[in-house]
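Undergrad: Chains as they are written, first to last, in the numbering used here: chain A, 1 to 419; chain B, 1 to 419.
These are calculated hints, taken from the structure and not from any lab test.
One or more of the hints may lead you astray.
Subject to a maximum C-alpha distance of 30 Å in a straight line, what follows is the list of computed BS3-like cross-link-like pairs (lysine-lysine) [said to hold, decoys possible]: (1) 34(B) - 62(B); (2) 217(A) - 216(B); (3) 216(B) - 4(B); (4) 337(B) - 217(A); (5) 111(B) - 111(A); (6) 34(B) - 12(A); (7) 304(B) - 224(A); (8) 9(B) - 112(A); (9) 9(A) - 281(B); (10) 216(B) - 245(B); (11) 224(B) - 224(A); (12) 352(A) - 216(B); (13) 217(A) - 111(B); (14) 337(B) - 112(A); (15) 76(A) - 9(A).
2 protein chains.
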Amino acid sequence: MSLKEEILKIAKHAKCASSELALLDTTIKNQILKEMADCLEAKSDFIIKENRKDLEKANLKKLSKVLIDRLTLNQKRILQMAKSLRTVADLKDPVGEVMRSWGRPNGLLIKKVRVPIGVIGIIYESRPDVTAECAALCFKSGNSVILKGGSEAINSNLGIFNCLLDTLKKHKISTGAINLIATTDRKAVDILLGLDAFVDLIIPRGGEGLIREVAKKSRIPVIKHYKGICHIYVDSGADLNMAEKVCFNAKVERPGVCNAMESMLVHSEVAIRFLPGMIKKFKDSNVQIRGCPTTRKIIKTGVKAVTVKDYATEYLDLILSVKVVDSLSEAIEHINKFGTHHSDAIITDDEKAAVEFLRRVDSACVYVNASTRFTDGGQFGMGAEVGISTDKLHARGPMALEELCSYKYTIFGQGQIRE
Amino acid sequence: MSLKEEILKIAKHAKCASSELALLDTTIKNQILKEMADCLEAKSDFIIKENRKDLEKANLKKLSKVLIDRLTLNQKRILQMAKSLRTVADLKDPVGEVMRSWGRPNGLLIKKVRVPIGVIGIIYESRPDVTAECAALCFKSGNSVILKGGSEAINSNLGIFNCLLDTLKKHKISTGAINLIATTDRKAVDILLGLDAFVDLIIPRGGEGLIREVAKKSRIPVIKHYKGICHIYVDSGADLNMAEKVCFNAKVERPGVCNAMESMLVHSEVAIRFLPGMIKKFKDSNVQIRGCPTTRKIIKTGVKAVTVKDYATEYLDLILSVKVVDSLSEAIEHINKFGTHHSDAIITDDEKAAVEFLRRVDSACVYVNASTRFTDGGQFGMGAEVGISTDKLHARGPMALEELCSYKYTIFGQGQIRE
């Protein structure tokens, strides 16, 4: 069988299973998720052995430390995966939920009911834990999933996948519910992206390059999870102690994630009071500062000049660009221009400024007096997430079970006809 | 300026206006919509004169009667357009609505707030009234719109568009809010579909060919409004009088629309009692029947043999395919296989059958004991519609103001940081 035929077979199988999955009872789904978790724990030695194979290749290929860290599985990480599956089992089933219902003057009763989307393709890079988590979220939301992980993680992914599959088989659920495209052939993604007759949605997770390529090539709708260039704006009306605490958290707590702060904007009225202490604190934590001319006037040493390119860069590192602005409007315009519509915050006690910031900043998550680091399915109380959408259609911000669903209208009559 | 530069200029202009539009006060939007309606009425003679130019060309080109009817504007139709605009003005503003709000254990308050999508491109065919209605719906929902109507309606569209534009100018609203690509050059659509940096959503309205072409070429997300092959299934537990009334309505009341019935499925247990009277009634109204072998055994004369192609055809005409099925499951499987996931109904007094039908039929609107003809924004109480989505992502079924919106999360804290 050619690769094309193979992937087509997987997609058809997934489509077929999706109608069975859409009707599956909540208690059975939860039971299966919990048994998948048990299976991952029981087979952890095997999975770690498979992971070693990937790690050996990665070392031979001299992959970066960061990539190798993401790729690595150990007992702790496998327990974490199992825990995620149990968390998803405990979440409310979104399928069948009546989102809204209303009557019409002619007696028709209309209910808007949440239903699964169908078949979801997830294309991701090195992290093998994504395999278990995304499969669990799709399964719980009644969707078939086609997973295409990075080739550097192929053995790890297969190890995890087999646990999931065994549990499905044990419960006589169609194995089309969870699929893994296990090939290192780069053409696989292109083939998958053309199968719009069988796959309803593509979610790419990973670097910007991957996402752009997928969005460009796909004939299937894509929900993009682009990078986060997140800002915190310290307003003239800010509580400066709070601002220092929040900005420090947003930059330093975990700089390598998409909801970390990359640019700090400070109102000129408070810059002289705020910047010296704040920047000292950053420098003490090895944060490299790139500042605008005013910043560099206030902080005479150790601040590199910021460039326009800096403002448009997601550092994912202990680097911060700092700009002094003369007004709330200037801050908002900077954010809408250089940001990625992900997460942005204002620190202020001025309610009018807060309201204007919330209204005008065009981002998935807009904060008043809190760290941008809270943009996360778990932190939002959604239990888990497949990612954070920077798109505006279908799903925006943290994407979890509800966002993996569509809806249908069910309409109840007593013989109504249209005159 | 080349066509490409011209369309790029329009798209940039629209994007720029969209941030202004997103913040526009509800009362001002409503006032403008009402004045647009007044303007259409006041300039109706001019619009009709412009429409004559299109009609003359259409006659020269020997366009079909149906197309010429769709293209024709008269006083009555212009009054109807003005009325639509006033209806949209009276609808609730979706922008700023808090869809949901909840607190988190750490004290964060999260609000999910409806916001406009941004810039919406609408590509449509002959009907010039779409120009006014779609512009009004986009304007009310805070979106900039780029309209690309059929070239056969270019003068009519420009006539209407100028009314809308004059009203915007009078109120000093950026004219980028409502744009018309007024060219007969077929390349215009292709150019528009490539401008994903400025246009957020494309809605094609029209024949299947147009929609497929747009979906194939677009780099911008598309919400497809495909055809409706709608079914009514007369169950063994049906009230046959009700079934006759509803099926007749769904086929005959307005056969040329997407929510009309194209296939009638009848349970074998009631076929002998139901079909003779029902088919006589259809024939008396000039409905041509195409039946399965069992149907033709029951009705000996005047029933052509149905083909698989018939089952997959949207007639939009007084033609009906009829199939006798042996079970509810057979009916559901037929609908999911041959239908277009638009609107399907069951007639039954058996609650269990109704529930199974509602659960298993994978369509935007699934009815129990009512005509499929109710699938319509107005009938659903949404006031108006840009169309009926047969997609599952973002919007499904009638698409109106709420469906023209996205959302953002606004999060209120007191200095929370992530530990």
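Undergrad: Hints first: check each against the structure and report whether it holds.
TA: Status of the hints after comparison with the structure:
Note on residue 34(B) and residue 62(B): the hinted pairing is violated, with a Cα-Cα distance of about 37 Å set against a maximum of 30 Å. Between residue 217(A) and residue 216(B) the CA atoms are separated by roughly 11 Å; this keeps the pair inside 30 Å, and the hint holds. Distance check on the hinted pair: residue 216(B) and residue 4(B) sit about 20 Å apart at the alpha-carbon level, within 30 Å; holds. In summary, the hint linking residue 337(B) to residue 217(A) is supported, as the alpha carbons are separated by about 28 Å, within the 30 Å threshold.
For the suggested pair residue 111(B) and residue 111(A), the alpha carbons sit about 24 Å apart, so the restraint of at most 30 Å is met. In summary, the hint linking residue 34(B) to residue 12(A) is not supported, as the alpha carbons are separated by about 51 Å, beyond the 30 Å threshold. A C-alpha spacing of about 50 Å is found between residue 304(B) and residue 224(A), which places the hinted pair above 30 Å, so the restraint is violated. A threshold of 30 Å between alpha carbons decides the hint, and for residue 9(B) with residue 112(A) the separation of about 40 Å lies outside it, so the pair is violated.
Between the alpha carbons of residue 9(A) and residue 281(B) the distance comes to roughly 46 Å, so the proposed pair goes past 30 Å and is violated. For the hint linking residue 216(B) to residue 245(B), the alpha-carbon distance of about 41 Å lies beyond 30 Å, and the restraint is violated. Of the supplied pair hints, the one linking residue 224(B) and residue 224(A) holds, its CA atoms being roughly 19 Å apart against a limit of 30 Å. Under the criterion of a C-alpha separation no larger than 30 Å, the hint pairing residue 352(A) with residue 216(B) is inconsistent with the structure, at around 46 Å.
Annotation: proposed proximity of residue 217(A) to residue 111(B) is violated, straight-line Cα distance about 35 Å (limit 30 Å). Under the criterion of a C-alpha separation no larger than 30 Å, the hint pairing residue 337(B) with residue 112(A) is consistent with the structure, at around 23 Å. Distance restraint check for residue 76(A) and residue 9(A): the Cα-Cα separation of roughly 36 Å exceeds the 30 Å cut-off, and the hinted pair is therefore not satisfied.
Comparing the model with each earlier hint shows violations of hints 1, 6, 7, 8, 9, 10, 12, 13, 15; every other hint is respected.
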